[in-house]
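Chemist: Below are the chains, spelled out letter by letter.
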Amino acid sequence: MSGIYNGKPLLETKSVSKRFGAVQALTTVDFDVYPGEVVALVGDNGAGKSTLIKGIAGIYGFDEGRVLFDGKEVHIHSPREAAQLGIEVVYQDLALADNLDVVANMFLGREWNQGIPTSNDAHTAPSGLRRLLRNLLPITEIDMEKRAVGTLNELAVTTLRSVRLPVASLSGGQRQSVAIAKAVLWNSRVVILDEPTAALGVAQTRQVLNLVRRLAEKQLAVVIISHNLHDIFEVADRITVLRLGHKVHTYMRSETDQQEVVHAITAGQLSTVPGMAS
Amino acid sequence: MSAPNDITQDSGAPTSALLASQEPQTPFEYVGAALRRIRSGEIGALPIILGLVIIGIIFQSLNQNFLTPRNLVNITIQMAGYATIAYGMVFILLLGEIDLSVGYVSAVGGVMTAILLRDSLTNPALSWMDWWNVIPIALAITTAIGFLHGTLITTFQLPSFIVTLAGLLAWNGVVLMIVGDGGTVNIQNPVVRNLASEVLPPIWSWIVIFAFVALLTVMEFATASARRKAGLRPKPVQIILAQTVIMGVVGAFLAYLFNINRALGPTAPPQQGMPVIAVIMLVFLIVLTYLAERTRFGRYIYAVGGNKEAARRAGIRVERIRVLGFMVSGFMAGVGGIVLASRLKSVATDTGGGNLLLYVIAAAVIGGTSLFGGRGKVYSAILGALVVSSVENGMGLLNVSSGVKFVVTGLVLLAAVVIDAISRRSQQRSGLR
Numbered sequence: 001m002s003g004i005y006n007g008k009p010l011l012e013t014k015s016v017s018k019r020f021g022a023v024q025a026l027t028t029v030d031f032d033v034y035p036g037e038v039v040a041l042v043g044d045n046g047a048g049k050s051t052l053i054k055g056i057a058g059i060y061g062f063d064e065g066r067v068l069f070d071g072k073e074v075h076i077h078s079p080r081e082a083a084q085l086g087i088e089v090v091y092q093d094l095a096l097a098d099n100l101d102v103v104a105n106m107f108l109g110r111e112w113n114q115g116i117p118t119s120n121d122a123h124t125a126p127s128g129l130r131r132l133l134r135n136l137l138p139i140t141e142i143d144m145e146k147r148a149v150g151t152l153n154e155l156a157v158t159t160l161r162s163v164r165l166p167v168a169s170l171s172g173g174q175r176q177s178v179a180i181a182k183a184v185l186w187n188s189r190v191v192i193l194d195e196p197t198a199a200l201g202v203a204q205t206r207q208v209l210n211l212v213r214r215l216a217e218k219q220l221a222v223v224i225i226s227h228n229l230h231d232i233f234e235v236a237d238r239i240t241v242l243r244l245g246h247k248v249h250t251y252m253r254s255e256t257d258q259q260e261v262v263h264a265i266t267a268g269q270l271s272t273v274p275g276m277a278s
Numbered sequence: 279m280s281a282p283n284d285i286t287q288d289s290g291a292p293t294s295a296l297l298a299s300q301e302p303q304t305p306f307e308y309v310g311a312a313l314r315r316i317r318s319g320e321i322g323a324l325p326i327i328l329g330l331v332i333i334g335i336i337f338q339s340l341n342q343n344f345l346t347p348r349n350l351v352n353i354t355i356q357m358a359g360y361a362t363i364a365y366g367m368v369f370i371l372l373l374g375e376i377d378l379s380v381g382y383v384s385a386v387g388g389v390m391t392a393i394l395l396r397d398s399l400t401n402p403a404l405s406w407m408d409w410w411n412v413i414p415i416a417l418a419i420t421t422a423i424g425f426l427h428g429t430l431i432t433t434f435q436l437p438s439f440i441v442t443l444a445g446l447l448a449w450n451g452v453v454l455m456i457v458g459d460g461g462t463v464n465i466q467n468p469v470v471r472n473l474a475s476e477v478l479p480p481i482w483s484w485i486v487i488f489a490f491v492a493l494l495t496v497m498e499f500a501t502a503s504a505r506r507k508a509g510l511r512p513k514p515v516q517i518i519l520a521q522t523v524i525m526g527v528v529g530a531f532l533a534y535l536f537n538i539n540r541a542l543g544p545t546a547p548p549q550q551g552m553p554v555i556a557v558i559m560l561v562f563l564i565v566l567t568y569l570a571e572r573t574r575f576g577r578y579i580y581a582v583g584g585n586k587e588a589a590r591r592a593g594i595r596v597e598r599i600r601v602l603g604f605m606v607s608g609f610m611a612g613v614g615g616i617v618l619a620s621r622l623k624s625v626a627t628d629t630g631g632g633n634l635l636l637y638v639i640a641a642a643v644i645g646g647t648s649l650f651g652g653r654g655k656v657y658s659a660i661l662g663a664l665v666v667s668s669v670e671n672g673m674g675l676l677n678v679s680s681g682v683k684f685v686v687t688g689l690v691l692l693a694a695v696v697i698d699a700i701s702r703r704s705q706q707r708s709g710l711r
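Listed in order, the protein sequences are those of chains A and B. Using my numbering, you'd call the opening residue of the first sequence number 1 and step up by one each time. Using my numbering, you'd call the opening residue of the second sequence number 279 and step up by one each time.
Read the hints as simulated data drawn from the structure, not as lab findings. Incorrect hints may appear among the rest.
Unchecked claim - In silico PhoX-like cross-links for lysine-lysine, where the CA-CA straight-line distance does not exceed 20 Å:
id, chain 1, residue 1, chain 2, residue 2
1, A, K146, B, K507
2, A, K8, A, K218
3, A, K54, A, K14
4, A, K146, B, K513
5, A, K72, A, K8
6, A, K14, A, K72
Stated by the list, open to error - Sample of chain B residues with no beta-carbon within 10 Å of chain A, all distances over it, derived:
id, residue
7, I376
8, E498
9, L636
Glycine included, every Cβ here is placed at the ideal spot set by N, Cα and C.
Modelling step: build the complete structure from the supplied sequences, incorporating the hints.
Modeler: If you want it as structure tokens, here you go:
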């Protein structure tokens, strides 16, 4: 595990801040994630977890601070640009279309066409005739299905009966697995998971946590947001605690315990409560 | 009873087995999987075929002219207008929208065609107009109307129900204004006049049906062999052959019916062959099915209807897809309007009114397209239109009052919606949907 931290972090934020009107949602937060590790992002409601994630994913920009990807400073203005860098977010509400099958969902918005190379053109938008053609030429279902099956097998998601079943017929764990597989389909390098085990049963939570570990084994940088400390201690290498928009601390999992993390979430190591007059 | 449940089972599959190999392969497995889908509520076109059989039995027992070749051709011609407009309605319903304006938009298409063709005879400035440029002009106008509706709906975030309701009123007014006090505009142009009534020489019935069946079969085999090559499990050959045989038998029976001489007396000139309009319906069926199921555009229509937010996050331009959907609806309404005008060989102030809109929506829904978006097939338009016009035609033969007609048509629609609701509920029970 120590080998992971010899290189550079894949994704890094340097003292980023974000303000919504009168609310200071993030205050100079440093955060980083290395390839091949799982970093958990924890904190109580309103701690700034979602704000940090959405800033990285390009939903909105940070007011201050810098974002480094692969050591280089980047400015991510839209989810599309994040996807082009290889940053994929799996949101809590999954964003799957129930009426479409597994393959269609995994390729939604990036379907392959015969003769038009779109291998990794995540979200790029060609113009004019090319786009018209791309929208009217047949989708190469067979290649897509092969790739989808390959990715699911690589991630050892083998409980699916068929990749041609509508997503509506899958269990919660299977749906989450499909959503995660969709995120890694595009040679992505950073996968951010927002509450992936909320609303899942015990067996299905296990299934998803195993999948998260496999992502890290494949040298992806994984960020996981969760309220469930039990899950986090099972899957994460490091744990970053946020509280009221400030970073409290980043713990190595092997050097901490749940009690310390709970304390950081609720009371914090901060000497004063941020935003309150002393 | 356990069969539908194990669709959702997480365990049971050995982890060493890869995904692809869990798909059905032998014909028996294939049929078994199909039966399981039916039992879990994914009934597809089953109830409608059953319904057609019941309709046939009831009306034939009440009036023996119902199932004669002559009347079956009548029904074909009668359903053409509904089916073509309903094709467009399917795209709208897939998006989870509704288009109440299609009746009068189709009238705009029909009236524009009739007026321009009439004026081209009298006005020297318009003498360059003929059917082959008037029809595209009319279709361009109705497509533009669809674009207008879609743009209003997406730009101002208005419910499609309200915008197209306004369209229903406004385009009715436009039709009245164009047709004017004359009341009726006859269509002189022979091509447009005969569009709905012309029949092909008998040999063409066989050629068209053979080509249709051959096309589907070749495509199935091509897909199966490509899947085999890619290491994915193909549809069993026996199943494809069985489908071909069934389609071939049904098709041959239809060709045979179309080719029976349906002239009323032995001395009358022979009337036989497939109506041109049936070929037009088939061509639109193929083209629109391709559009809906094989292209990105169609995939996005389903995605927007299934989960708008998911579509947006996948980078799909949701508003543009919705506008395009309304343009398809406008285009097909225009086609239907020309077909309906051709059937009456004229347009009048009441064109596009009456039950047209409701029959079109009924056709799409009876055919199995959900009103709630994301579920349905293009072919449901043609099946539903067949039901609607069979009932309409059958009651016409029985000379029942229009009151009874409306009640019966209403009950048929109600039955279709109830079947849809039941199938959806049993899908929910078995974990689908």
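Chemist: If a hint holds in the structure, say so; if it does not, say that too.
Modeler: So, going through the hints one by one against the coordinates:
Restraint check for K146(A) and K507(B): the C-alpha separation of about 11 Å stays at or below 20 Å, so the hint holds. A hinted pair counts as satisfied when its Cα atoms are at most 20 Å apart, and K8(A) with K218(A) qualifies at roughly 17 Å. Our distance criterion of 20 Å between C-alpha atoms is met by K54(A) and K14(A), whose separation comes to about 15 Å. In summary, the hint linking K146(A) to K513(B) is supported, as the alpha carbons are separated by about 15 Å, within the 20 Å threshold.
The hinted pair formed by K72(A) and K8(A) meets the criterion: a straight-line CA distance of about 11 Å does not exceed 20 Å. Between K14(A) and K72(A), the direct Cα distance comes to roughly 12 Å. Compliance with the 20 Å bound is thereby established for this hinted pair. With a least CB separation of 18 Å from chain A, I376(B) remains clear of the 10 Å interface cut-off, as annotated. The beta carbon of E498(B) sits about 13 Å from the closest Cβ of chain A, which is more than 10 Å, so the claim that it is off the interface holds.
Distance check on L636(B): its Cβ is at least 26 Å (rounded) from any Cβ of chain A, clearing the 10 Å threshold; non-interface status holds.
Checked against the numbered hints listed earlier, the structure breaks none of them; every hint is satisfied.
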